[in-house]
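Given next are the chains, with one letter for each unit.
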Amino acid sequence: MSHTRARLPQPVASEHIALKARDVSFSWESTPLHWLPGDPFSTHTINVLHLLLPAGERWFVHVYKQVLPLIRDEQLREDVIGFIGQEAMHSRAHDEVLPHLREQGLDPTPYTAQVDWLFEKLLGDRTLPPGRPRQWWLMERVALIAAIEHYTAFLGDWVLNAEELDRRGADPTMLDLLRWHGAEEVEHRSVAFDLFLHVDGGYRRRVRTWATAFGALVFLWQRGARFFMANDPTLTDGKARFRDFHRAGRAGTLPTTGAMIRSIPRYLSRDYHPSRECSTAQAVAYLASSPAATAAEARANGAA
Amino acid sequence: MPLPRPLGSRAARAALVVTGAALLTRRALRRRIGASPLWPLPALAEPVSGQPRTRALRLLVARHERVADGVVQLRLEGVPSVPLPGWEPGAHLDLVLPSGLVRQYSLCGDPDDTSSYTVATRLIGADEGGRGGSREVHEALAEGVEVEVRGPRNRFPLIGDAASYTFVAGGIGITPVLAMVRAVDAAGADWRLLYCGRSRAAMPFLEEVEKLGGAAGRVRVVAEDESGRPDVAAFLGEAAPAGAVYVCGPEGLMDAAARALPEGCSLHLERFAPAASAGGDSAFEVELRRSGRTVAVGPGTTVLAAVRAELPGLAYSCEQGFCGTCQHRVLEGEIDHRDELLTDGERADSMLICVSRALGPRLVLDL
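Taken in sequence, the protein lines are chains D and C. Counted from 1, the first sequence has number 161 at position 161 by my numbering; the numbering is strictly sequential. Counted from 1, the second sequence has number 40 at position 40 by my numbering; the numbering is strictly sequential.
If you're looking for bench data, these hints aren't it; they were derived computationally from the structure. From a predicted model like this one, the values you see are computed outputs, not experimental measurements. It is possible that some hints are incorrect.
Unchecked claim - Computed footprint of chain C on chain D; a stretch qualifies when at least three of its residues, placed anywhere within it, have a C-beta under 8 Å from a C-beta of chain C:
#: 1; region: 25-35
#: 2; region: 95-109
#: 3; region: 217-229
#: 4; region: 261-267
Stated by the list, open to error - Chain D side only, calculated, beta carbon under 10 Å to chain C, not exhaustive:
#: 5; residue: Arg58
#: 6; residue: Leu68
#: 7; residue: Ile81
#: 8; residue: Phe83
#: 9; residue: Asp116
#: 10; residue: Arg205
#: 11; residue: Ala295
#: 12; residue: Ala298
Glycine included, every Cβ here is placed at the ideal spot set by N, Cα and C.
Same shape as in the complex, but just chain C (with noise of 0.2 Å):
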């Protein structure tokens, strides 16, 4: 601005000063905005946004191979230079299949590969009560398809300090196992496993379990045609008190290991289908402990149903367990979860309470 003449004249003196104010005014503005996008408003101290649930990720079908009669593998990989997320043994990934179907398959690669992720699946046919998705597993997703997965997420976790780990796997189910098994005995771990199958030849890293277990006996295959039934019973009676169980495989395996639980020893099973054909729905009963009330939840009907009839006011909106509006707190009672959007943080202590149920007899919400 060019300065006017002579100096000593109030309205130029005036001009100055409310211009210097103005330059003023923007620099500290700038300075403000740009430490502090939304000056003046402050940050929320624990920011919520930003932080999804799980991220939908696009991997590419880089290796689909047959590792056992009627069962192959797949080496999932992601875009190079972005790392995927990390994942524990035991945990698994929700495959968005080609058709839409969503299944869960236990990551059975190596953790710290950042690369890609290996799954392994088993043909289940139409006779066994398939439903279609391993046989688009086995057909639909070749080298080269693209697959969208989210996860990983661990419904399976090892624990880490128990006195020794004992393994039951049956068939597919030696998948989280593999994992595990690599984890406790590169950490020196105490551990033993079970593995059972209908045929050797149908038995997946049967190989690579059998060198794990080396000349010190910790591995025992145990494959139907040629010896029969495993006496699950009798290898967990051979386990060290205070050890830590792990099942995976079909019910029966996980009822007879149930049944045989050596005392002071943890159980921990995973099933093969968690959500909609985990047998049938049982009838329990829900307290509503805010409210004071007690609502019967039949096997055809649903928490919410129930739980509506009682507070018609309360909110919902999918219905089928991904909208999250119905999220609730459970106070007690063991929950059935059949939900594929809730963190295992969030499962601890509360469910979507238009798809899950009960475990038990009973449920306690804070409702």
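So that you can see chain D by itself, here it is in the shape it has in the complex (with noise of 0.2 Å):
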């Protein structure tokens, strides 16, 4: 390891919370293609959530069950096993909505299928030696997902706050999936980074992985967009473009561009530390008022 515990980012402790899968369901029947009423843009934006996190979260899964045996710390191999259940979940929720735009005439496969190449095979296990090769391809990905979990806090902060959505009337399903998600991203925002810095930690790979992640998200998503805007049966010649996106930003329906930017410097940051950014309360209390969240907790008090 390249550092010292002195110079390690320390995390704020009133942030930290125990952590659990919560066994939640969504049904979709009610849900309109627009779920944002009248916004498609902002809708299908959103909606690239549904494209990426079925086959990446997944694959965080894959990764962090060959890094639990390297942890040394017990509390943290706490937060991991929780953390695992609740991407297990994100995975699978997202997942399921999936089939629904597939029968309201916007099929994803195409976009799915590829993205399920970027995880299992390009981000997969690969043919390496054992030894240090193995041990580095390990470690990239472990740094990769701290980088892009510092991008779902953000978005699951968004979300929490985004009252903008409630004043347009989406659909509450939706919002209550985006939300549950989001305030679980919210409390086990510090795991994958605490993960990174206990096994590695490293600076360079920090940038190195940060930029890989932050390029590959803006690819993926402004693809995503523009896939779902040219093949929403309802439109015709659907566009996404970046001026639709910052324009959605200041109307409050997407998270603003300036956010987005000043995201990057604080990662960078050599003291970041993900516990110093969003709010547990905030995403604790929504869990509390959650429909999804308040029935899965019904659920495992009625089967115990």
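Bring the two chains, given one by one in their own frames, into a single complex with the hints.
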């Protein structure tokens, strides 16, 4: 390990919370194609989550299962175990939206099959000699996940506070999916970064994997939004342009361009720690009122 | 772009070439992205995403009627324009009751009807070991109420090529058998049914069952208050060799059928409560084939806990059988599945070690 304990960024202890997966379930029959009424662009830009997360979060779980034996800190091991279950449920919950899109005439398979290749093959386990090369590839992926989690926490925090979505009458089931997911991302926002610090923590690797993750997210997101807009059966000549994104950010139906840009130097700062961003209390408060999360709670108590 | 003059100037020609190349590139890119949204990434040959194991559906209780003493039948309807997922006789639905309890009920309607599902439930009082699920179905699921369901899934499939079919149903155990009897009767197969219950008034679908049996004497009805306990052994003794025997009912009835099973017949059982309440937990041992170790699993502990003592880096998470992290391949041994997650295909050769156990004395895991 290339750093000393004294130089480690210090977490905010009060933001830590014990993690548990919730057995949520959503039914989609009554959710319209444009679940944000009259705003196909914002709807589809957020819908890109359903394209990326099923394969992406499955991949997180796959990688973390391999890291688990390397963890030497009991608290962190507990956190990672909770994280794995939450991510597995996120992946499944978003995956269940895809058949619903297909039934409404917007088949996501051409895109998701390529995302599947990205995570299963390109970022999957490679035929590497055991020892350093294999370790290097594992650490690289752990660092990539930490960088991606910076953005999932950013988006989670955004959606918990996106009151404009309520004002415009967004579909309650979709909003609950996004906010349940967002709240759990906020709950576990420090785990991926702490794990990265624990098993590697190198600054150069952090910068390198951040650049890869950021570039990939921008690439995947703009292609995803264009894919949905071009194939939406209710739109003729649907387009997704950067100025639409900027405008939606100002209207409050998507994150603002400025906030996205400001999040970059924060992750690259040497004393960054995720516990200094977002609010665990807000996430917990949402989960206490979320229809899906409270039903999951009732189910857990009913089964016990 | 206005063409500069004179045309011969080198700068203008260069600009023309660059613009042309840019336009061609853009067109080529658009065409490729149109055909392959993440060009130049390839697609995974067999996509994984977008095929969830099950989907939650919100259905409307369109009809709630009493069909026998203590038995109600529910007709659950979906959105008219979207056909419900299909099912085969023997399949069940998971109903997520308003309190959060999840209960399994066999489908007893017509599999060709894609607009609704039909289930029937007998009220099981607390004195009979009921845990509140059936009471909720009887009292809370009134007409007009929405209920969430998962499935359908089939843990009790009807094999298609048996020489003959012998069914034994006890009380509400008639529900999966009813769909089966209709199917084999429509297919013209040779079948017989022993239907027993406490009294004729408490036995649902009696009229339909007797009509299906017709004059051929395929159906024998035994009501305990009239003719005492059924003689399962005698009934099975008349079964044709190499037939399939399907039993759904109380434990005692299934034990009797298992004891009296004629040689050459295959036995198929459906338990009322496959999960938590299925008897006590017995001890068994688990061999970890790849690690070359064997661990003992006591009645009060789980496979996961026993295995983790040997392999501390093993991944798991929810410990309640829903997140799927601790799914492992089973190489040998009969599994007592207690999760609500795995598909029938996955159940054939894998298990969630946090909740599921062994039916026999031993399991072999690929660990």
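Evaluated hints:
Residues of the region 25-35 of chain D with a Cβ under 8 Å from some Cβ of chain C number 6, which satisfies the need for three, so the listed coverage holds. For a cut-off of 8 Å, the count of residues in the region 95-109 of chain D with a CB near a CB of chain C stands at 8, and the three-residue condition holds. Look at the region 217-229 of chain D against chain C: 5 of its residues bring a Cβ nearer than 8 Å to a Cβ of that chain, three or more, so the hint holds. Requiring three or more residues with a Cβ within less than 8 Å of a Cβ of chain C, the coverage given for the region 261-267 of chain D is violated, as only 0 such residues are present.
The interface hint given for arginine 58 of chain D is met, as the beta carbon of that residue sits about 8 Å from the closest beta carbon of chain C, less than 10 Å. Here the hint on leucine 68 of chain D is kept, as its CB sits about 5 Å from the closest CB of chain C, short of 10 Å. A hinted interface residue such as isoleucine 81 of chain D counts as satisfied when its beta carbon comes closer than 10 Å to some beta carbon of chain C; here the least separation is about 5 Å, so the hint holds. Of the supplied interface hints, the one on phenylalanine 83 of chain D holds, with its beta-carbon coming within about 8 Å of a beta-carbon of chain C, less than 10 Å.
Checking aspartate 116 of chain D against chain C: minimum C-beta separation of about 4 Å stays under 10 Å; hint holds. Annotation: interface hint on arginine 205 of chain D violated; nearest CB of chain C at approximately 23 Å, more than 10 Å. Annotation: interface hint on alanine 295 of chain D holds; nearest CB of chain C at approximately 6 Å, less than 10 Å. This hint holds: alanine 298 of chain D has a C-beta 3 Å from the nearest C-beta of chain C, less than the 10 Å allowed.
The structure is inconsistent with the numbered hints 4 and 10, although it conforms to all the rest.
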